[in-house]
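> Each chain, letter by letter, is given below.
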Amino acid sequence: KEVLAFIQQESSKAKIQTSVTQFTDMCFKKCVTADITTGTLAAGEEQCVSDCLNRFLDTNIKVVQLLQALQR
Amino acid sequence: KEVLAFIQQESSKAKIQTSVTQFTDMCFKKCVTADITTGTLAAGEEQCVSDCLNRFLDTNIKVVQLLQALQR
Amino acid sequence: KEVLAFIQQESSKAKIQTSVTQFTDMCFKKCVTADITTGTLAAGEEQCVSDCLNRFLDTNIKVVQLLQALQR
Amino acid sequence: TISQEIATTYASALVNSLSENCFEKCVKAPSGSLDATEDKCVSDCSAKFMRAWNVVSRAYVARINQQ
Amino acid sequence: TISQEIATTYASALVNSLSENCFEKCVKAPSGSLDATEDKCVSDCSAKFMRAWNVVSRAYVARINQQ
Amino acid sequence: TISQEIATTYASALVNSLSENCFEKCVKAPSGSLDATEDKCVSDCSAKFMRAWNVVSRAYVARINQQ
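Residue numbers (my numbering), protein chains in the order written: chain S, 1 to 72; chain V, 1 to 72; chain X, 1 to 72; chain Z, 1 to 67; chain F, 1 to 67; chain C, 1 to 67.
Calculated from the structure, these hints are not laboratory results.
It is possible that some hints are incorrect.
Unchecked claim - Listed next, the stretches of chain X that the computed footprint assigns to chain F, with coverage defined by at least 3 CB atoms under 8 Å from CB atoms of chain F:
no. : region
1   : 3–13
2   : 36–44
3   : 47–61
What the hints assert, rightly or not - A partial selection of chain V residues facing chain Z, derived with a Cβ cut-off under 7 Å:
no. : residue
4   : Val20
5   : Gly39
6   : Ser50
7   : Leu57
Glycine included, every Cβ here is placed at the ideal spot set by N, Cα and C.
Chain S on its own, in the form it takes in the complex (with noise of 0.2 Å):
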């Protein structure tokens, strides 16, 4: 039992990290837009791609909830 705990912990945490690879690849391209010249995110980058992530699972809720409305 302990290990199959283990097996479906660790699915779902390749699960999440699949999905923060798609969410940073489409935050880091709406946010990183000016030419690259220093490996740290300024500030107002920073903020936007948490805002992004956000307002992108906002989005998300309510176009699932905008579905299963038509489905009734």
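For chain S, the structure is supplied; the task is to place chains V, X, Z, F and C on it using the hints.
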């Protein structure tokens, strides 16, 4: 046998729905370019989406024929 | 054993072909930017496609090394 | 996310494509919340996208039957 | 579509990528049919794409062997 | 490529996304080698991307726990 037929039917339905979503993604980007102010499709957008799907399928068929000719 | 070797060879051939298609997609978009008037690649386009593949692999290797350094 | 729940039963590809298209179109500069304009845009955009989905679906099935 | 037939034997990823690239390049405003210009463009574009595929394939195999 | 080795253990999706984003941003006109500017840009871009990955990761986990 009826169960098998049902499964096959369901899975081909799922394949068609996946293709429809891919095509919609592509044609939505091509045809809905103005800012969004209403939830309806303008007549021009609807025509464009329908033409986009059909011309993409024309392109797809042509590409397959050209590749088949290359293989000979 | 020969069957196994054959299957492995075929599957690694398929993997390479899948990568080649991905790279072509990326480098075609980067290097073929003018309107299309002929079925041949201009000399500049051909050089660009070849350089594009090699510089992308350079980038890929560099990225992997940077990630490996981060993990330590 | 809630999307994973519906995804398995309905169609996760649809949810993803719709979310990405409407997020791109409606949220150009993400801020601390979805403002009223963005919120309305996401609703309208979703409705528009589903209408386009239906147009494509009908045209695709017609094309398949025709061939 | 016919593409599904060849896809399994040849390479569906190639057919998809080629179709998408050449549709984007050649059919900017879809109309009631592929006109002569679009039709020639799709042929030329497909030939160009396959030449690019061959360039990439040769360069990639050379690089793999070199490492 | 070396990427396949790390891919299985670490995350091939991450390597692919990072490589594609930084190649697009840093190598606009590919030439016979990565020049010094492109090379520095790829390093900086990779560091920036990983910082963005960490920001997204923290924000995403916070959001999941909150719901």
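> Each hint: holds or not?
Right, here's what the structure says about each hint:
1. Counting residues of the region 3–13 of chain X whose C-beta lies closer than 8 Å to any C-beta of chain F gives 0; at least three are required, and the coverage claim is violated.
2. Against chain F, the region 36–44 of chain X contributes 6 residues with a C-beta closer than 8 Å to a partner C-beta. That satisfies the three-residue criterion, and the hint holds.
3. Three residues within the 8 Å Cβ limit are the bar, and the region 47–61 of chain X against chain F gives 5, so the coverage statement holds.
4. Here the hint on valine 20 of chain V is kept, as its CB sits about 5 Å from the closest CB of chain Z, short of 7 Å.
5. Among the interface hints, the one on glycine 39 of chain V holds; its C-beta lies about 3 Å from the nearest C-beta in chain Z, closer than the 7 Å criterion.
6. For serine 50 of chain V, the suggested interface contact is upheld, since its CB lies about 5 Å from the closest CB of chain Z, less than 7 Å.
7. Annotation: leucine 57 of chain V was flagged as interfacial toward chain Z, and the flag holds, the nearest CB pair being 6 Å apart, inside 7 Å.
Consistency note: the structure conflicts with earlier hint 1 alone.
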